[in-house]
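Line order of the protein sequences matches chains A and B.
Under the numbering used here, think of the first position of the first sequence as 1, with each following residue one higher.
Under the numbering used here, think of the first position of the second sequence as 1, with each following residue one higher.
FYI, nobody ran anything at the bench for these hints, they're computed from the structure.
Fair warning: this is a prediction, and the values are worked out from it, not measured in the lab.
Any given hint might turn out to be false.
[To be verified] With a cut-off of at most 20 Å between alpha-carbon atoms, the simulated EDC-like pairs for lysine to aspartate or glutamate come out as follows:
id : chain 1 : residue 1 : chain 2 : residue 2
1  : A       : K557      : A       : D571
2  : B       : K266      : A       : D502
3  : A       : K469      : A       : D452
4  : A       : K645      : B       : D88
5  : A       : K219      : A       : E232
6  : A       : K605      : B       : E127
7  : A       : K507      : B       : E238
Each chain, letter by letter, is given below.
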Amino acid sequence: MIISTNWLKKFTDIDMPIDELATLIGARLVEIEEVIDLGAKYKDVVIAKVIECGPLEGSDHLNVTKLDDGGSVKDVERDENGFVQVVCGAPNVRAGQFIAWLPPRAIVPNTYGDAEPFVLGARKLRGVMSNGMIASARELDLFDEHEGILVLDDDLNPGDSFVKVYELDDYLLDIENKSLTHRPDTFGIIGFAREVAAISGKAFKTPKWLADVTTDFGKVKTEIIAPKISIENPELSARFEAVVLRGGDGSQQSPLLIQTYLARVGMRPINALVDATNYLMMSTGQPMGIYDYDKVLTLSADATICVRSGRAGEKLGLLDGRTIELAPEDIVVAAGETAIGLAGAMGAANTVVDATTKNIMIEAATFNLYNLRSTQMRHGIFSEAITRFTKGQPAPLTAPVLADVVHLISEWTGAVQISEVAEAYPKKSETPVIHTTIEAINNTLGSEFTVDEIMTTLQNVEFHTDMNKKTGELAVVAPYWRGDIHIAEDIIEEVGRLNGFDSIAPKLPLRDFTAVSPSDFDELRAKLRTALVRAGANEVLTYSFIHGDILQKSGQKLENSYRITNSISPDLQYYRQSLTPSLLNVIHPNVKQGYDNFAVFELNKSHPKSQGLTVEDVPRELDMLALTVTNKKAQLGSPYYQARKMLDYVGESLGLDFAYEAILSEEEDPTAAPFEYRRSATVRDGATGISLGIVGEYKKSVARAFKLPSYSAGFEVESRALFEAAQKQAVSYVPLSRYPSVERDICFQVADTIHYGQIIELAETALAEMDLQSGVSPIDIYQPENGTTKNITIRIKLTANDRTLTGDEVSGLVQKIADGVIATTQAIVI
Amino acid sequence: MTVMQSIEDVRTILLSYIESSDTPRDALKRAEFKQLYGMVSTLPVQERAAYGRRVNDLRGELEVAIATRESAIEDASVQSIDVTAPWDVNSVPLSLLPTEQGTQHPLTRELENVVDIFTRMGFEAIESRQIDDDFHMFGALNFPENHPARDGYDTFRTEEGFIPPAHTSTMQHRILKDGKAKLEAGGQIAAVSYGRVFRNEDVDATHEHTFYQCEGVFVSESATLGEMLGTLRAFFEEYYGQSLKIKTQPAYFPFVEPGLEFAIEKPAALGGKPGEWLEMLGCGMIHPEVLRAAGIDPIVYRGFAWGGGIERLVMLKYNIEDLRHFESGKLAFLRKFVS
Chain A
1 MIISTNWLKK FTDIDMPIDE LATLIGARLV EIEEVIDLGA KYKDVVIAKV IECGPLEGSD
61 HLNVTKLDDG GSVKDVERDE NGFVQVVCGA PNVRAGQFIA WLPPRAIVPN TYGDAEPFVL
121 GARKLRGVMS NGMIASAREL DLFDEHEGIL VLDDDLNPGD SFVKVYELDD YLLDIENKSL
181 THRPDTFGII GFAREVAAIS GKAFKTPKWL ADVTTDFGKV KTEIIAPKIS IENPELSARF
241 EAVVLRGGDG SQQSPLLIQT YLARVGMRPI NALVDATNYL MMSTGQPMGI YDYDKVLTLS
301 ADATICVRSG RAGEKLGLLD GRTIELAPED IVVAAGETAI GLAGAMGAAN TVVDATTKNI
361 MIEAATFNLY NLRSTQMRHG IFSEAITRFT KGQPAPLTAP VLADVVHLIS EWTGAVQISE
421 VAEAYPKKSE TPVIHTTIEA INNTLGSEFT VDEIMTTLQN VEFHTDMNKK TGELAVVAPY
481 WRGDIHIAED IIEEVGRLNG FDSIAPKLPL RDFTAVSPSD FDELRAKLRT ALVRAGANEV
541 LTYSFIHGDI LQKSGQKLEN SYRITNSISP DLQYYRQSLT PSLLNVIHPN VKQGYDNFAV
601 FELNKSHPKS QGLTVEDVPR ELDMLALTVT NKKAQLGSPY YQARKMLDYV GESLGLDFAY
661 EAILSEEEDP TAAPFEYRRS ATVRDGATGI SLGIVGEYKK SVARAFKLPS YSAGFEVESR
721 ALFEAAQKQA VSYVPLSRYP SVERDICFQV ADTIHYGQII ELAETALAEM DLQSGVSPID
781 IYQPENGTTK NITIRIKLTA NDRTLTGDEV SGLVQKIADG VIATTQAIVI
Chain B
1 MTVMQSIEDV RTILLSYIES SDTPRDALKR AEFKQLYGMV STLPVQERAA YGRRVNDLRG
61 ELEVAIATRE SAIEDASVQS IDVTAPWDVN SVPLSLLPTE QGTQHPLTRE LENVVDIFTR
121 MGFEAIESRQ IDDDFHMFGA LNFPENHPAR DGYDTFRTEE GFIPPAHTST MQHRILKDGK
181 AKLEAGGQIA AVSYGRVFRN EDVDATHEHT FYQCEGVFVS ESATLGEMLG TLRAFFEEYY
241 GQSLKIKTQP AYFPFVEPGL EFAIEKPAAL GGKPGEWLEM LGCGMIHPEV LRAAGIDPIV
301 YRGFAWGGGI ERLVMLKYNI EDLRHFESGK LAFLRKFVS
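Bound conformation, chain A alone (with noise of 0.2 Å):
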């Protein structure tokens, strides 16, 4: 939204400089993003008067014209009369006419601020000098006329200053005007202007005109009777005003001041009529409607208007030659049966002024903000208008406005009221009285004002203030167009941020000296990271939505993720159901960007639908930790042991050891569902037995839909699980022995069917029955070619609590865990 300072200036005095009052409106008011001084870009442009125009001969089109600029501009060539020559093109341009010249050496307005604007020079045109140029009202930026110059008023003087006259040494504001949604009033500069007076500390008076909400216009001759309004439904529409007008075909031009601060506000002049209603519109934020009214009647002959719903299947034109199709949310304005305008958004083409129009119908209303709110997005319209009524604005506006608009329009076209004014009222809203204290107001902002600054920030704004001295209790209500004040804090919000909030003192809460503790959950998965990080793995985060074609690259299946059914990309169709894709979808862009050997890991949320709701009925949430690692290059050995390894570092630096089960079943689980069973394993806590999740290589399937490199795997599993497990882990301690400890190895030759873990269990076992500290670990796994044996040598390390083992002692230990080991695989000891 544009604000006009100069407009501004109307209904309030500002002294203070541009960046001072941008500054304070900044800080009290609404961001403003840009300040735009206007009066820069025309300060070249030079009032002048055409004394002679006559065609240029041998053209069909120029003139040569003489202009008499009152001896204003220096340095130009002038004849005896000191006149200016300059050529001009426009058909329109007659003797006698006050004009916009742009002397040599001036830019071109609609050029300012190019890269390279466009700089005017004296030059000859078919071998006649030309000094500059008269302007069109595009070349000055005003709008987008460009038929022929721009014919100023003429009641001027030749040499006049263009940016006085026409009170363009203004600057603009670009307000940001989404925080601005609760409050209707500064859509209009009047309610604009009050908060500027207000927040510079001056007290504001709204114009009579408006403060007055009658709809009086006097004595009215009237010729007609009114017309007939009523609204199918209070909650569509809370009143509807409508007041008939004799003459105004939409001929007539508005005053071209008028035009330029339309403009300069972003609103194309279009004739007396429409700049009237949107004049009233930008001063006072109450849009208004206009109707040939002959047409109306040609619908209704007793002109009954009627706010109602759009009816199914109803269809209306409106005036940008568009057909629409009506929803019930939509509300018209209908006369008779026939639907005559979209309420609040667009006039129809069945009532449009034009002209043959004789008598027009202008209506001034209000109506309910969510139901104009979906038709603006049902229909795309986002005129000033529909943005203006969906802010809310107050009923007791339109009567003010209406009888203005009337003034106005009989001021620019001489039109005459010839009805009274017709309307339905429904709905009147009383203001409330809000009931707070001072004590209230200081103690919630934890400022230190003082009755009377209280009472005079609120007055300002034209709230009425009661102040009980005995109880201290404030009673203030707000003016009519203040909708957006229900409660005390309402009244806080106003007197903390009219004085400012950053005149309150910073201070830091009083608490307990009570100590927090991080998360504990948090605390693990830094730790998590931590450790990755140290296993030379580098953390991702990919997005929490992805395309339906990674779900089935994963071999997941589409109707177990949450579809999310507006998203702007394909990429963004469904809630994932593990990490796991995710990580799969950045490896071969990766290795593309020539990274051979690396590990990815994220930790965040997966929503597989199968995991249902909460009791507080939202999906259940997993949280998940999934790595893969890979490598271009071949390696010794199937990746899923690299995999394994980094899982076990996790396990170790979380002090758990972690157990692996072979799957014996593909299993209906989204997070195992990319993984190829026959090569993965099940991860638990060996302490606890808690299931934590899967590590192993992808299918092949999966690996060809990712373009993975051969040497892949990974994990997935659940992080919440982990921490349950870590944090029943505890630390058995048994005391240090005084004993050297002895190791021995020995080598199993099984079956290639015997597991490792078979033989370590069966190991670990016997050892149990020992009364003595020990511990096994791996030496070699050997398998020779085409081979049905393998080969595992284990080392097992024995303590004694109380003695040194003697060798003798040791190889009766060491048989009996390989008899333990060999009653059960038939191991050969070799």
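Use these hints to put chain B onto chain A, whose structure you have.
Just chain B now, with coordinates in the frame of chain A:
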């Protein structure tokens, strides 16, 4: 033999070939199949279209059969491994990757840092949800149905009507409800919620649909707006390790009253000069309706809340030029952040 019958015969031959072959795709190169195409020109013109359709249908059927056979062959070639072993047979003990190549993501690192400061200031930390409902995202925060302020959040929706939260305030109602007992026992509610939030926006160097926020909530019998300003200033002074000037600007968020935007003077560490301001977050006194919705009496208790983005802190700290790097998974980016 009719033309259609010959198609049928070829079909039988090729399907059985595919079923038994180790190179099922060769079926499409076999002479029987190619000759079906050759026959087109021998047919009367009016029969050619129907014939062509039949041959194409057959091709589709064969493709499916080939894909099935190929995946069966591939599946049969998968060998189990001994998952209980520490390394593969005939292999050697494995090592981890080089430590110096490991990195933590700059966003999680900064979040840990931010949460740590707030924890030391007395705030509990709670992670925000990534999928929530309308009630927690809007309803409990004084955003009535159809309220225009909802537009500003550009929320995604799921088929079921769930919402990927557009702000970490989606946790506020829960924090207030959980803290009520503590409050009524004479204590205070002091908590931050942090995590991922989502906006339905086009992505470019300065816009992301996915980003991180940290939100704070403080409620006591005597909380003031001045205390909010003090708390936020204290956080940023600790974060940047220097004293800072602050300024505010009125703002409108339905869940606070008054609502403010909070800015700090750009710290020297970031090359700031006096008069340069950085907008850091939105904040305000918790709206009485929000307290009431959580069962907290707004006459007795007052509170303040704030929320700001984490990416901005990280981008300012390291001069990161493009927001899209964060979720790109590019090692070239991630490996810049060596601990």
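Hints, one by one, checked against the model:
1. A:K557 with A:D571: Holds, because 16 Å separates the two Cα atoms, which is no more than 20 Å.
2. B:K266 with A:D502: Holds - the C-alpha atoms of A:D502 and B:K266 are around 17 Å apart, at most 20 Å.
3. A:K469 with A:D452: Judged against 20 Å, a Cα distance of about 12 Å means the pair holds.
4. A:K645 with B:D88: holds (12 Å)
5. A:K219 with A:E232: Cα-Cα ~31 Å, so violated.
6. A:K605 with B:E127: holds (11 Å)
7. A:K507 with B:E238: Status holds; Cα separation ~15 Å.
Hint 5 from the earlier list is the only one contradicted by this structure; the remaining hints agree with it.
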